[in-house]
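A.B. asks: Residues per chain are reported as follows:
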Amino acid sequence: MALSPKQVERLLKMIRQTRDAELSCPECLDELDRYTQRTLDGEPIDGILESVQAHLQACPCCAEQLRLVRETLDAIDQS
Amino acid sequence: MGDRRQDDDWISDLRSGDAARRDDALKDLRDMLFRGLSRSFSPGGRVDDAFLEDAVQEASMKILEKVGEFEGRSKFRTWAVTIAVRTAVSAMRRREWQNVSLEGITTNAGLDPRLAVGSTEIVDQANNRFVMLTRLKELIDTELTERQRTALAAELGGMPLPQVADKLGSNTNAIYKLLHDARKKLRRGLEASGFTIDDVREAWA
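Keeping their order, the protein sequence lines are chains S and U.
Reading the first sequence from the start, the letters are residues 0 to 78 in numbering that gives the first Met the number 0.
Reading the second sequence from the start, the letters are residues 0 to 204 in numbering that gives the first Met the number 0.
Bound conformation, chain S alone:
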């Protein structure tokens, strides 16, 4: 089974977003609470959190976790 057009599009996007220095998924997730708090408080994203943001834009798995953290916090607030 050859790669589908959608997979090829994703591969090209991954190549485009590749940086020489990147955080791995575990490194990104270790900082996710701090990143989430900064964004909730409307504070600037700087230092290592810039690398977290870049990782989240390129990694659907970690981006899904950020979405779930935000939704879980919202659900707790509303309950």
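Worth flagging that the hints you see were computed from the coordinates, not collected in a lab.
Values in this document were obtained by computation on a predicted structure and should not be read as measured data.
Nothing false has been slipped in among the hints.
Straight-line alpha carbon distances no greater than 30 Å define the calculated BS3-like cross-link-like pairs of lysine-lysine that follow: (1) U/K184 with S/K5; (2) U/K136 with S/K5; (3) U/K61 with U/K26.
We have chain S; now place chain U onto it with these hints.
C.D. replies: Same frame as chain S, but now just chain U:
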């Protein structure tokens, strides 16, 4: 007190030497996490209450173990929810992918440059895409290792990296590095062949 505790209260209650006070805080923590996770995870129908109860129990134990290390870099609730989501997502992905073989999603997962022809009606654009995809295929075939090709095909097949790592007998950090090195090789290979990042962007716009 429920989950309206302030950060300092959560920390002191969960660290308390008074077992009743600590257990009361732990119960409130479990209730809060279950309430939140059941709303955020359930809509997709991927998990049920029993699954979430197990995940919340496991996460609560992790939080209790780590509460001494809490540095206040985020609010306690944000920290605790992040641990709970990470625990639940790991368990959910393990369960969803446990019966999927690596071979099943990576065998013959090659790049066919002819895809470019059917992807646009503009002849020049199709030709440019064909040339770039042909070069990309050559780079994948010649510059990447077999392990890199397998991990890349699995990632493009939607398999989360912890599961790719598990099936390759490695760990997530090492697989991330393997794939990062592969992407860098492909990017540099395309650039060395005269394709800029803008070309890559516009080729599949």
